[in-house]
Amino acid sequence: MPTTAADEDDIIRLAVERQLQASGHSALRSVRCCVEDGLLVLYGTVPSYHAKQVAQLVVMKLELALRIENRCEVEHSWHGINSIVRSPKADE
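Number 647 marks the last residue of the sequence shown (this note's numbering); no jumps.
By construction, these hints were calculated from the structure, which means they are not laboratory data.
Hints may contain errors.
As the list claims (entries may be wrong) - Once the Cα atoms are required to be at most 20 Å apart in a straight line, the calculated DMTMM-like pairs of lysine to aspartate or glutamate come out as:
(1) K616 with D565
(2) K616 with D564
(3) K616 with E572
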């Protein structure tokens, strides 16, 4: 049975998520991704901007022929209050 584009996207998604899990960075365990039409989107919540950057670097090392969009949200805690800092959307 021939492989479809959706099958290939799933294979890439699983490989990327496996790589993030195996990276040794516990902060990346909650990062997930989706792949469609040549775009890989990272999403989830990470504890710092450093962790967000590391997630992207882990994926870049796979040398995939895809554009990467990092939509991970950075969680901060000030005075015991948790909040999410959202990155500006690319289309704004």
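Checked hints:
For a cut-off of 20 Å, the pair hint linking K616 to D565 stands: about 19 Å separates their Cα positions. Only pairs whose Cα atoms come within 20 Å are accepted, and K616 paired with D564 is accepted, the gap being roughly 18 Å. About 13 Å separates the Cα atoms of K616 and E572, which keeps this hinted pair within 20 Å; it holds.
Consistency with the previously given hints is maintained throughout, with no hint failing.
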